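Participant: Got chain U sorted already, so can you dock chains D, V, H, P and B onto it with the hints?
There are 6 protein chains.
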Amino acid sequence: MPYVNIKITKEGATAEQKKRLIQETTRMLQDILGKNPQTTVVVIEEVDTDNWGIAGETITERRKREKK
Amino acid sequence: MPYVNIKITKEGATAEQKKRLIQETTRMLQDILGKNPQTTVVVIEEVDTDNWGIAGETITERRKREKK
Amino acid sequence: MPYVNIKITKEGATAEQKKRLIQETTRMLQDILGKNPQTTVVVIEEVDTDNWGIAGETITERRKREKK
Amino acid sequence: MPYVNIKITKEGATAEQKKRLIQETTRMLQDILGKNPQTTVVVIEEVDTDNWGIAGETITERRKREKK
Amino acid sequence: MPYVNIKITKEGATAEQKKRLIQETTRMLQDILGKNPQTTVVVIEEVDTDNWGIAGETITERRKREKK
Amino acid sequence: MPYVNIKITKEGATAEQKKRLIQETTRMLQDILGKNPQTTVVVIEEVDTDNWGIAGETITERRKREKK
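Read top to bottom, the protein sequences are chains U, D, V, H, P and B. Everything in the first sequence is counted per numbering that gives the first Met the number 0, starting at 0 for the first residue and increasing by one. Everything in the second sequence is counted per numbering that gives the first Met the number 0, starting at 0 for the first residue and increasing by one. Everything in the third sequence is counted per numbering that gives the first Met the number 0, starting at 0 for the first residue and increasing by one. Everything in the fourth sequence is counted per numbering that gives the first Met the number 0, starting at 0 for the first residue and increasing by one. Everything in the fifth sequence is counted per numbering that gives the first Met the number 0, starting at 0 for the first residue and increasing by one. Everything in the sixth sequence is counted per numbering that gives the first Met the number 0, starting at 0 for the first residue and increasing by one.
It should be emphasised that the hints constitute simulated quantities derived from the structure, not laboratory data. Please read all numbers here as calculations on a predicted model, not as lab measurements. For glycine and all other residues, C-beta sits at the position ideal for the given N, C-alpha and C. Don't take every hint at face value.
[To be verified] Some but not every residue of chain V turned toward chain B, in silico, with C-beta under 7 Å:
hint: 1; residue: V46
hint: 2; residue: D49
hint: 3; residue: W51
hint: 4; residue: I53
hint: 5; residue: G55
hint: 6; residue: T57
Same shape as in the complex, but just chain U (with noise of 0.2 Å):
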């Protein structure tokens, strides 16, 4: 019965690693919790590198500082 919410950066994640998320997300949840993987519900939200902010800046400004 499990509600997973994975938020990340919008940064190029294709639909192979987003389905590998789930499978993943999933089996532990069986694994560590024995939860039932039928009713196990995960959903990914890829946020826009604007809208996010660590150490308070967003990590748009952070990539930059990065690739200097």
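Facilitator: Here is chains D, V, H, P and B on its own, set in the frame of chain U:
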């Protein structure tokens, strides 16, 4: 004062349908819990079928299987 | 497949009322969007009145004002 | 360590405004609660006006009424 | 930078199990997406079985049925 | 109309501090984006340190290390 977040897959819900979801959710909270509709907030999020998983598979995969 | 999160203040909603919220939300999504009730998940969160604010004041303060 | 999720309607917030939201939220949590800014995460979500309801009507409808 | 929110019913998950969920989620995001574990945040929420519904019934009801 | 969800670890935030978080968040959204404070909702969630992870460890573990 309630806050309701409805997440559905992005599969063509119309503006009219979303309007009805908002109306009925607001009324339901007034009917069952006596909540003031003036401050009831409803937010609908539509999620790409690649980003939604149940039972360890994405909705994209599930829809393909269903069509077969 | 929908996932619905209902946040309300913790002010005495009964198990019976929460049961009705879950039933009606699930039915509403079937009626309006044709969603399969078998995989509709509803999670209710009850939040302390000190932790909920509207219009810049907590619900604790608002309830006090209303009683006067 | 805080995580802050700010949901607003998609009505033209600029990258500059979102940067300020992230800066000020991070600083506020440091000022009021002494939280370490290095691990404060802020995620802004912009929601279509058709998908946001208050008082049982969508923001799309409300904006139309306000213009009249 | 990912943020992961895992919601489960409050049915006795131990501190040890929650520790493993956090470790494995963090590792999974590094393995699949190359995300930096230093800024990966995982928040687990345990929800009362009266407050969680699937298929229109609460988990409290479902558990009772299952025991019969 | 904004909705803001602030998640922090449950480590003794006072009612007074939470009141200030609500006031300042509401004012910030008015200052930066011109949002109407009357319909700004802020919900604070306090999460057990066993249930919050960063960098693959729980806050409970991190606090122990910091004390050494």
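Participant: Min Cβ distance, I53(V) to chain B: is it shorter than 7 Å?
Facilitator: holds, 5 Å
Participant: Using Cβ atoms only, decide whether D49(V) comes closer than 7 Å to chain B, and label the hint accordingly.
Facilitator: holds, 5 Å
Participant: So, T57(V) near chain B? Judge it on the closest CB pair being under 7 Å.
Facilitator: This interface hint holds because 6 Å falls under the 7 Å limit.
Participant: Double-check W51(V) for me: the hint is only fine if its C-beta lies closer than 7 Å to a C-beta in chain B.
Facilitator: holds, 6 Å
Participant: Under 7 Å is the threshold here; is the Cβ of V46(V) close enough to any Cβ of chain B for the hint to stand?
Facilitator: holds, 6 Å
Participant: Does G55(V) hold up as a contact with chain B if the rule is Cβ-Cβ below 7 Å?
Facilitator: holds, 4 Å
This entry satisfies every hint, going by the numbered hints stated previously.
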